[in-house]
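There are 2 protein chains.
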Amino acid sequence: MAEIQKKSVLVIGAGSVGAIAALNLHVGGLASVTVALRSNYDVVNEQGYTIESCDHGTLKGFRPSVVRKGIPDLVAEGLPLYDYIVVCTKSISDLSPTTLELINPALPEDNTQTTIVLLQNGLNIEKPFFEAHPQTVVLSGVSLIGSAEPTSGRIVQNEPDRLLIGAFPHPTIKDEVANARAREFVTLYSASGKTDCKFSPEVLRDRWRKLVYNACFNPICAIAGIDSGRLRLADGGLDGLIRPAMKEIVAAAKAVANVDLEDDVVEKVIATDPLESWAKPSMQQDLEKGNFIEFENLIGEPLRAGSQAGVPMPTLEVLYQLARVIQWRTKEARGLVTVP
Amino acid sequence: MAEIQKKSVLVIGAGSVGAIAALNLHVGGLASVTVALRSNYDVVNEQGYTIESCDHGTLKGFRPSVVRKGIPDLVAEGLPLYDYIVVCTKSISDLSPTTLELINPALPEDNTQTTIVLLQNGLNIEKPFFEAHPQTVVLSGVSLIGSAEPTSGRIVQNEPDRLLIGAFPHPTIKDEVANARAREFVTLYSASGKTDCKFSPEVLRDRWRKLVYNACFNPICAIAGIDSGRLRLADGGLDGLIRPAMKEIVAAAKAVANVDLEDDVVEKVIATDPLESWAKPSMQQDLEKGNFIEFENLIGEPLRAGSQAGVPMPTLEVLYQLARVIQWRTKEARGLVTVP
Numbered sequence: 001m002a003e004i005q006k007k008s009v010l011v012i013g014a015g016s017v018g019a020i021a022a023l024n025l026h027v028g029g030l031a032s033v034t035v036a037l038r039s040n041y042d043v044v045n046e047q048g049y050t051i052e053s054c055d056h057g058t059l060k061g062f063r064p065s066v067v068r069k070g071i072p073d074l075v076a077e078g079l080p081l082y083d084y085i086v087v088c089t090k091s092i093s094d095l096s097p098t099t100l101e102l103i104n105p106a107l108p109e110d111n112t113q114t115t116i117v118l119l120q121n122g123l124n125i126e127k128p129f130f131e132a133h134p135q136t137v138v139l140s141g142v143s144l145i146g147s148a149e150p151t152s153g154r155i156v157q158n159e160p161d162r163l164l165i166g167a168f169p170h171p172t173i174k175d176e177v178a179n180a181r182a183r184e185f186v187t188l189y190s191a192s193g194k195t196d197c198k199f200s201p202e203v204l205r206d207r208w209r210k211l212v213y214n215a216c217f218n219p220i221c222a223i224a225g226i227d228s229g230r231l232r233l234a235d236g237g238l239d240g241l242i243r244p245a246m247k248e249i250v251a252a253a254k255a256v257a258n259v260d261l262e263d264d265v266v267e268k269v270i271a272t273d274p275l276e277s278w279a280k281p282s283m284q285q286d287l288e289k290g291n292f293i294e295f296e297n298l299i300g301e302p303l304r305a306g307s308q309a310g311v312p313m314p315t316l317e318v319l320y321q322l323a324r325v326i327q328w329r330t331k332e333a334r335g336l337v338t339v340p
Numbered sequence: 001m002a003e004i005q006k007k008s009v010l011v012i013g014a015g016s017v018g019a020i021a022a023l024n025l026h027v028g029g030l031a032s033v034t035v036a037l038r039s040n041y042d043v044v045n046e047q048g049y050t051i052e053s054c055d056h057g058t059l060k061g062f063r064p065s066v067v068r069k070g071i072p073d074l075v076a077e078g079l080p081l082y083d084y085i086v087v088c089t090k091s092i093s094d095l096s097p098t099t100l101e102l103i104n105p106a107l108p109e110d111n112t113q114t115t116i117v118l119l120q121n122g123l124n125i126e127k128p129f130f131e132a133h134p135q136t137v138v139l140s141g142v143s144l145i146g147s148a149e150p151t152s153g154r155i156v157q158n159e160p161d162r163l164l165i166g167a168f169p170h171p172t173i174k175d176e177v178a179n180a181r182a183r184e185f186v187t188l189y190s191a192s193g194k195t196d197c198k199f200s201p202e203v204l205r206d207r208w209r210k211l212v213y214n215a216c217f218n219p220i221c222a223i224a225g226i227d228s229g230r231l232r233l234a235d236g237g238l239d240g241l242i243r244p245a246m247k248e249i250v251a252a253a254k255a256v257a258n259v260d261l262e263d264d265v266v267e268k269v270i271a272t273d274p275l276e277s278w279a280k281p282s283m284q285q286d287l288e289k290g291n292f293i294e295f296e297n298l299i300g301e302p303l304r305a306g307s308q309a310g311v312p313m314p315t316l317e318v319l320y321q322l323a324r325v326i327q328w329r330t331k332e333a334r335g336l337v338t339v340p
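Protein sequences appear in the order of chains A and B.
Take UniProt numbering: the final residue in the first sequence is number 340, and no numbers are missing along the way.
Take UniProt numbering: the final residue in the second sequence is number 340, and no numbers are missing along the way.
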């Protein structure tokens, strides 16, 4: 068998989601994987990852091809271009560095070789890349994995890795070019045989569909300080908050992107979340840890797009404004703003 | 000088507001004051109140005429009717005992002698009394005092006791009868010469005016976990939340009660609250202490009344639903609801 020319993949932000992506791409054998780490670098560099995965089993000391601290500066370090940069960080676009600023050193200008894969939630995350790197294909990754990093470098994945990959509609790059990259990435990602990774031609539909959960359960649970199971039992949780918010997202999906979600999508999404799991959505977890929340792409962008398209979104509006205040509190706690 | 026939006054809930009311009525000399205590009974019974008051100075060991545990049961104890029952508890109408249930033992039926004085915030607090005690005059007390009980039995009053007293418009009792009681109570309360207590013929206006602050700063600060000074600095605090919420209350006041608040009431109320005080509204304090919040009369009643009168109140609606969820959390923490 001839040696396969592996694709070079840089995974940025290899925490709970990114570490499984790195592992899966590595196991598939079609990619040479570099992980660029920040907070968990020391642990992973010394001991490798400890992974308990429903897809991959238990691994101690897993290391992809390269473990490095921070984003490589290709020009300064004289490194070749990566074929794929998979971004698994939170998308916190109201703070520096933005995702674009973060990965810029690994993405020299006028780059047609590298493909960006944004494995992040929310709307309009591709827009900054379209402006700064108009030659670069940007793929959407909508992940339905259940995974956590309870301690640094230890990854517990308890729900299967399901991933929808597609190309964001691009103003100048042709669909067939972008779609070919998406299909190639699906091939790399599926090579392990352990995941459910699919090409999706309906990126915007996938994203709006996921927002039905993410733009609603995330902020409501975070703001009210209640897990998603209890929220379904609490006075006003479903009828007063979740259902009105979800209906606003469904209406915005139609008005903004002509996306027709299923008639029963609201009840289906509510039912997806098992009552007895008492799961805390990621935004609630982030808030409890004192971390910033990714509210601009999850709530702000759908709200702005929907409002501009004439959809009344009063519930999302108030949740968004409360999230802004809460983010400001975290900024104060981190010393980014000061009070007199 | 002939001996004055003192009026008998029962003060219920003699914490930060009630203790100052009891002290002030006692000092005035026209009332024989009984305080009915719960949580701070042991301390006050043994040592009296320790009071640091901008109106009354510093007092150690203050006791009104009678200090008793719990509400007197007049029939069972063979006690005479009180002339006034001054209620200073929080109004948490979604939980038992309600204010009505609480004071019922001190208020036998068909009572024309006793006057109820509700020194509580919010809307429609008088309604349960109108139904259960249709012969009884109910007065409204709108207090602008600044007072706290940092430890049990220790009262720190740092803003003057300003009190507006008037009669709630009653379906059957004549205005002149009710107003005479209100004016008499103002006389009792003003006798100390240390407070600014006024008769007000515009009870509903007073209540809606106070709601401009209370229905807005209270839930927003409580829900977002931010004091009122910081809220004014935070992204979205004023323009995204406070101003929209206040405008909804102003519109509801007009539609529900034909109350015309001043054109600049929103900015005036915002400016009233000194920026550098970093004060936490009472609802935020209650939440931080793990206490129930009085959201039904502060938010729910104005919201229901306004919505019924056709006023769009989207901001108050979401704040109300979040407050319901938060109250449910406290119920769970107190064992009043259980999850499977």
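No wet-lab data here; the hints were simulated from the structure.
Glycine included, every Cβ here is placed at the ideal spot set by N, Cα and C.
Hints are not guaranteed to be accurate.
[What the hints assert, rightly or not] Here are the simulated EDC-like pairs of lysine to aspartate or glutamate, each with C-alpha atoms no more than 16 Å apart in a straight line: (1) B:Lys289 x B:Glu77; (2) A:Lys6 x A:Glu184; (3) B:Lys69 x B:Glu46; (4) A:Lys331 x B:Asp235; (5) B:Lys331 x A:Asp235; (6) B:Lys127 x B:Asp94.
[As the list claims (entries may be wrong)] To give an idea of the interface, some chain A residues facing chain B are shown, with a C-beta separation under 8 Å as derived from the structure: (7) Gly61; (8) Arg230; (9) Leu241; (10) Leu322; (11) Trp328; (12) Pro340.
Comparing the hints with the structure gives:
With a CA separation close to 35 Å, the supplied pair Lys289 of chain B and Glu77 of chain B exceeds the 16 Å bound. Annotation: proposed proximity of Lys6 of chain A to Glu184 of chain A holds, straight-line Cα distance about 12 Å (limit 16 Å). At most 16 Å may separate the alpha-carbon atoms for a hinted pair to count; Lys69 of chain B and Glu46 of chain B meet this at roughly 12 Å. Of the supplied pair hints, the one linking Lys331 of chain A and Asp235 of chain B holds, its CA atoms being roughly 11 Å apart against a limit of 16 Å.
Distance restraint check for Lys331 of chain B and Asp235 of chain A: the Cα-Cα separation of roughly 11 Å lies within the 16 Å cut-off, and the hinted pair is therefore satisfied. At most 16 Å may separate the alpha-carbon atoms for a hinted pair to count; Lys127 of chain B and Asp94 of chain B meet this at roughly 14 Å. For Gly61 of chain A, the interface hint is violated, since its Cβ never comes within 8 Å of a Cβ in chain B; the closest pair sits about 40 Å apart. At a threshold of 8 Å, the smallest CB-CB gap from Arg230 of chain A to chain B is about 6 Å, leaving the interface hint in force.
For the restraint placing Leu241 of chain A at the interface with chain B, the shortest Cβ-Cβ distance is roughly 5 Å, inside the 8 Å limit, so the hint holds. Hint status for Leu322 of chain A: holds, given a least beta-carbon distance of 5 Å to chain B, under 8 Å. The criterion of a C-beta within 8 Å of any C-beta in chain B is met by Trp328 of chain A, whose closest approach is roughly 4 Å, and the hint holds. Annotation: interface hint on Pro340 of chain A holds; nearest CB of chain B at approximately 7 Å, less than 8 Å.
Checked against the numbered hints given earlier, this structure breaks hints 1, 7; the rest are met.
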